[in-house]
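Protein chains: 2
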Amino acid sequence: MTTLEDVREWDAADPLGGFRDRFALPDGVVYLDGNSLGALPKATAARLKAVVEQEWGEGLIRSWNDRDWVGAPRRVGAKIARLIGAEADEVIVADSTSVCLFKLLMAAAQLRDGAILAESDNFPTDAHVAGRVAELLGREFRSVPRDRIGEALTPDVAAAVITHVDYRTARRHDMRALTARGTRIVWDLSHSAGAVPLDLARDGIELAVGCGYKYLNGGPGAPAFLYVQGALLPQLRSPIAGWWGHAAPFDFSCAFEPAPDISRFLSGTPAILGLLALESGIDLMLEADPAQLWDKAIRLHDLFAARVTALCPELENVTPADPDARGSHIAFAHPHALAIVRALIARGVIGDFRTPDIARFGLTPLTLRYEDVWQATGIIADVMTKEAWRDPQHASGGVVP
Amino acid sequence: MTTLEDVREWDAADPLGGFRDRFALPDGVVYLDGNSLGALPKATAARLKAVVEQEWGEGLIRSWNDRDWVGAPRRVGAKIARLIGAEADEVIVADSTSVCLFKLLMAAAQLRDGAILAESDNFPTDAHVAGRVAELLGREFRSVPRDRIGEALTPDVAAAVITHVDYRTARRHDMRALTARGTRIVWDLSHSAGAVPLDLARDGIELAVGCGYKYLNGGPGAPAFLYVQGALLPQLRSPIAGWWGHAAPFDFSCAFEPAPDISRFLSGTPAILGLLALESGIDLMLEADPAQLWDKAIRLHDLFAARVTALCPELENVTPADPDARGSHIAFAHPHALAIVRALIARGVIGDFRTPDIARFGLTPLTLRYEDVWQATGIIADVMTKEAWRDPQHASGGVVP
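Chains X and V supply the protein sequences, listed in that same order. Add 300 to the 1-based position in the first sequence for the working numbering, that's all there is to it. Add 300 to the 1-based position in the second sequence for the working numbering, that's all there is to it.
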């Protein structure tokens, strides 16, 4: 059995151990929600101060050129490309995940006739966007449970949206195998990018979107990213034409000519504050060795799972034991999961609740020590033993996104 | 003839004179581009520091509830509503102007058959969005010059997009008169909101979008806003369904049910950093008396126009003399406008160039003194006299957005 001394030794030997001090984490908290909102890198606070006071305040309109705000969507996209195994010119930062998904799904579905397919039980925005795209294009909408999505990838489907890592259970699809079935898929990498090994080129991925404010530590409501395989790009047109997607935006021509590159998927003026905060978070992540990141994620997970199994048998672990079949968070089912999560937050262990009965904990290798997992699981055990979650003070209140 | 002593007296008596010190303006610059990127309010720098370090860094995921990030799109929308003569629940902050326009134009066009109409010579993103909307819906696209747009508002038009204030000449349409023709219009208020008197309720306006980073001083790439007349809202559905537009986002249901209120036009997670920076800019503007703002805008403009007419007859003033027919910037045509603007920027007078031949200067009453206009127009005269703009150093380089 692992002991506290063991995990302290793991921390002492952790090659990623130095990253924790690069984040501004509050005292008295074990933060297990970096899969929902990543923690603040200290460098981001400094970068945003400079962006606001110098680039905006002093530089004013000149910073679009002098500080290359103009190039930021492609520049930051190229950095994300390194994290997901794509070419630098295949990724761009824009809008929100929902809007990026809308753009790619509309563009993909217009290439051929057929149904629009989505998962019926994954993160709802994917199904919402897909259902409405089907309506707008007059197509059949198919909504299929996640565990049967493979068999639904039939030749009469024009485009599917599939989430790589399930936001509740952390179950991970085999991207390569599903892609090999030949149906065009827009992959949602929201719970994958920065969390699990990705190699979009190797796996033959054509289209993907992802989130900036989770594992990429981009800040609340950070812009999203979208990926288009280079060979497919020339065939695709954004449904939201706008001046930033024009081949020559500053010619101010009312005749729309799409940019020859991935910029064609931009629409309006980029959200510079969020975009540069995101860049700062990604710069930090690019300093870490990806193999070390994933290795530590596996070990954090295994420690968490073993401790909960030993200490709290009434919590049902719904995340796969096989690392190749899961993401970087861990989830437990319990009929009183909401009250339990609230009791834990009151004790400084910040995870979150997802309907109907899931307590979810993100395991982010850059910010977490093994001892944090030890401590958090100890508090979980204490809360479960004392049934503190039955306290009425935890029985009401809002749910965090 | 007005003298420098006169304008100094005007500044001394200016009821808005105290606002200038609330902005972080660089030394040695007369900033005449607040119509492209508004200046930095000092309070915004402090607010963003608190948002980053305390709300994100310390509060982490809890700030969605504890700091009411969740309510920010509606809360800031309600503040914008006060600036444009709308009800608090008729405005929401979301996305970029282009994406907001796409949402409203798609939604409006789906209410009835007919053509999609746009101006052929105003800010290009409006025509880009409208042309693509027409394609997606299989409608005829009509593109008509701005000065003939009134006669194009015929019963066979399903929806039109019209910009209230022209981004080049500052010519302003009569919103009420054009609306009274009965064709459904999505108004683009990008160069109006925070600049000219607006009363959407009085004028019977049904739909509008506007920009956060110009006169509202929201920062580079600030999110945009959209307005829907309360009575029309229940009929409209966003083309981009997403979880933030759901009636109960945190139920995480894959069955989409649009929010009963203006939130139905949200899609993805709001861009919190940009949204709260925008709120800070709007809070400052709400302290100013709207009548005093417009009165000062008129006087700044008249002083600018009179000085240029007297000192630089070779610059053709293309902005209407009648205040009721113009916005809050002033524009001059000259074959060498680009070189002239570059020479002025090198002298610290920051305006901008717009194709093909327009030198454009924004007149923002919160940040500008009458003496700034006196000084800037003096430098313009000097540049024109010395033909400094013929200097080859100004003949190349990028154009700011």
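Just so you know, these hints were derived from the structure itself, not from any lab. Where hints are given, some of them may not hold.
Remember, identical chains collapse to one label, so a pair may be satisfied in a single copy or spanning two.
SDA-like cross-link-like pairs, simulated, lysine to any residue; straight-line CA separation at most 20 Å [stated by the list, open to error]:
#, residue 1, residue 2
1, K349, A324
2, K342, G359
3, K379, E614
4, K686, E557
5, K342, A591
List of violated hint numbers, smallest to largest: 3, 4, 5
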